[in-house]
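**Student:** Produce the entire structure from the sequences given, and follow the hints as far as they go.
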Amino acid sequence: MQESIIEIKSLNKYYGKFKALNQVDLSFPKGKIIGLLGPNGSGKTTMIKILTGLLKQYQGEVLIDGSPISIESKKIISYLPDKNCLPNKWNVLDALEFFKDFYEDFEYDKAKQLIMQLGIDMNKKFKSLSKGTKEKLQLSLVLSRKAKIYIFDEPIAGVDPAARDLIFHMILNHHHEDSTIIICTHLISEVEDILDYAIFLNQGKVYLREDVNKIKESSGKSLNEVFKEVYRYAPIN
Amino acid sequence: MRLLIKHEFKDGWVDILIANISIFSSFVLGGGLIRLVLSINTINPLIMSILVTLFTAFILGVFAGEIILIANVVKSMYTKFVGHEAYLTHMLPVSTDKLLLSKLIVNCIWIVGTILVTLLGVFILSLFVGGFKIFADFAAFVQTLFQHFDVFISVVFTTFIQIVLTLVTILFTLSLLNIGKFGKKKVLIGVLIYFGVGYGMKIVNIIPSLFSFGLTWDGTWVFQRSYFGAIEILGSVSYYQLYFALNIPQLLFNIGYIILFYFLSRYLLNRKLELE
Numbered sequence: 001m002q003e004s005i006i007e008i009k010s011l012n013k014y015y016g017k018f019k020a021l022n023q024v025d026l027s028f029p030k031g032k033i034i035g036l037l038g039p040n041g042s043g044k045t046t047m048i049k050i051l052t053g054l055l056k057q058y059q060g061e062v063l064i065d066g067s068p069i070s071i072e073s074k075k076i077i078s079y080l081p082d083k084n085c086l087p088n089k090w091n092v093l094d095a096l097e098f099f100k101d102f103y104e105d106f107e108y109d110k111a112k113q114l115i116m117q118l119g120i121d122m123n124k125k126f127k128s129l130s131k132g133t134k135e136k137l138q139l140s141l142v143l144s145r146k147a148k149i150y151i152f153d154e155p156i157a158g159v160d161p162a163a164r165d166l167i168f169h170m171i172l173n174h175h176h177e178d179s180t181i182i183i184c185t186h187l188i189s190e191v192e193d194i195l196d197y198a199i200f201l202n203q204g205k206v207y208l209r210e211d212v213n214k215i216k217e218s219s220g221k222s223l224n225e226v227f228k229e230v231y232r233y234a235p236i237n
Numbered sequence: 238m239r240l241l242i243k244h245e246f247k248d249g250w251v252d253i254l255i256a257n258i259s260i261f262s263s264f265v266l267g268g269g270l271i272r273l274v275l276s277i278n279t280i281n282p283l284i285m286s287i288l289v290t291l292f293t294a295f296i297l298g299v300f301a302g303e304i305i306l307i308a309n310v311v312k313s314m315y316t317k318f319v320g321h322e323a324y325l326t327h328m329l330p331v332s333t334d335k336l337l338l339s340k341l342i343v344n345c346i347w348i349v350g351t352i353l354v355t356l357l358g359v360f361i362l363s364l365f366v367g368g369f370k371i372f373a374d375f376a377a378f379v380q381t382l383f384q385h386f387d388v389f390i391s392v393v394f395t396t397f398i399q400i401v402l403t404l405v406t407i408l409f410t411l412s413l414l415n416i417g418k419f420g421k422k423k424v425l426i427g428v429l430i431y432f433g434v435g436y437g438m439k440i441v442n443i444i445p446s447l448f449s450f451g452l453t454w455d456g457t458w459v460f461q462r463s464y465f466g467a468i469e470i471l472g473s474v475s476y477y478q479l480y481f482a483l484n485i486p487q488l489l490f491n492i493g494y495i496i497l498f499y500f501l502s503r504y505l506l507n508r509k510l511e512l513e
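Sequences listed follow chains A and B, in order.
Counting along the first sequence from 1, when you hit position 96 you're at 96 in the numbering used here, and nothing is skipped either side.
Adding 237 to a residue's 1-based position in the second sequence gives its number in the numbering used here.
Hints are computed from structural coordinates only; laboratory data are not their basis.
Do not rely on the hints blindly, as some may be mistaken.
[Said to hold, decoys possible] If you want a taste of the chain B side facing chain A, the calculated C-beta under 7 Å gives, among others: (1) Glu322; (2) Tyr324; (3) Leu325; (4) Met328; (5) Pro330; (6) Ile485; (7) Arg508; (8) Lys509; (9) Leu510; (10) Glu511; (11) Leu512.
[Stated by the list, open to error] Restraint-style ranges between C-beta atoms, simulated for each label pair: (12) Thr293/B x Asn12/A: 58 to 66 Å; (13) Phe448/B x Asp65/A: 32 to 40 Å; (14) Gln384/B x Glu72/A: 49 to 57 Å; (15) Glu97/A x Ile440/B: 25 to 33 Å; (16) Asp160/A x Ser286/B: 53 to 61 Å; (17) Gly41/A x Phe500/B: 30 to 38 Å; (18) Asp65/A x Ile258/B: 32 to 40 Å; (19) Ile194/A x Met438/B: 38 to 46 Å; (20) Glu513/B x Gly60/A: 17 to 25 Å; (21) Phe292/B x Asp109/A: 54 to 62 Å; (22) Asn12/A x Trp454/B: 32 to 40 Å; (23) Gly132/A x Thr293/B: 44 to 52 Å; (24) Glu303/B x Asp109/A: 41 to 49 Å; (25) Gly41/A x Phe448/B: 53 to 61 Å.
[To be verified] Covered stretches of chain A (chain B as the covering partner; in silico rule of three or more C-beta atoms under 8 Å from a C-beta of chain B): (26) 51–57; (27) 68–77; (28) 100–107.
What you are looking at is a predicted structure, and each value in this text was computed from that prediction instead of being measured.
Backbone N, C-alpha and C define an ideal beta-carbon position, used for all residues, glycine too.
**Tutor:** Rendered as structure tokens:
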């Protein structure tokens, strides 16, 4: 049986009366590239925020590497949120210094090298950078940690196709060996070739969780086609 | 903790410096204007109107500096704990206590520093108005302070406690705002919560006002019972604030509020955090 790095048991999350996550039981296998897939509003980001400790009001149990969410779990999770969270008045050097000071596993030289390869000016303030550049910068900082778990929430949303390829190239080539990668996205066709394992969320419930190759073999279809079948929308007349 | 404080300083010092430059330069300008007015023998309407305008600028400059300071304190707490940078803050592998304490320590330093700059500005203003004899007056004032050193320390300590209480009340307000879904009305509701909490404290302060024990301004320790505390306490300044340099029951209540709001803020951030 595959070892799990994250265990979720009976997870429920309410936003008022709306149930965003509904009795979710899930485990994330260790050392795999896992796609947390689903349309907008399926509960992906809610689940990610719970795993990273950014949402604290929920019912159920979440274990990260065998322990409840705590300061220790933050030491082993490197998280790329779906929006820019770095202070606008910072420049690149400020961000590098911050990550170096607070994360013991942060590789300063690697981060600097990645950022220089991207052609980003070290002294430029974040507020003057484009959305795509900020995304690449945050990605470089996240990948420069020797984390056990990398979580990327919508890393390619709102980014041009060339930049998407670059982002996946960076994720595949710069993450720490033996780490677990969780990519949360609704852009299945872009990401399916790199995934080992897929979890489909639909209206707060786990619809499907399986090895990607097994899904393709059993259905004879691509992951994107399976996704479209699962989340089929009624045609608009 | 040391690293958190370092980064807090790095993030805030420019805006605080701007605020203090505004305050200090306004006092220098004001002092110069008063000196100029005092030296004018004839009244020229044009010159007087320019002086009035500049004097208004002096008053506004001081206010602007204080407002920049307050805005920065509130904004830094909001941004770091529940706003734009909250993801970065709450993903750090540090305890909530360290996050809160580093924020409180640095903001205390900013406020105390600004108070000292304001006092220095008042001294410079006095220098312009009174001339160099102000140094003799200042020396006499310092001598009086040391003669009543207990009163001086009491005022400093009471002021410090009041600063900390203001900061934890802001922190509590922001933590409370995060758990509700207030949307565009967030600012208004935050203001209402803050002043509501303040007024609530005033009502609870009826209790310590009934038994006053402390150090008066002339340096004597006094115990006093009063049944009129309830009436006076709802006013802007109570009789006891005018009479006592250090009111022990009130001080203990303020320390109690600080502890209460701190632990409530910590609980809300630890258990009820809901980042959008």
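**Student:** If any of the earlier hints don't hold here, list their numbers in rising order.
**Tutor:** Structure breaks hints 6, 13, 15, 18, 19 and 22.
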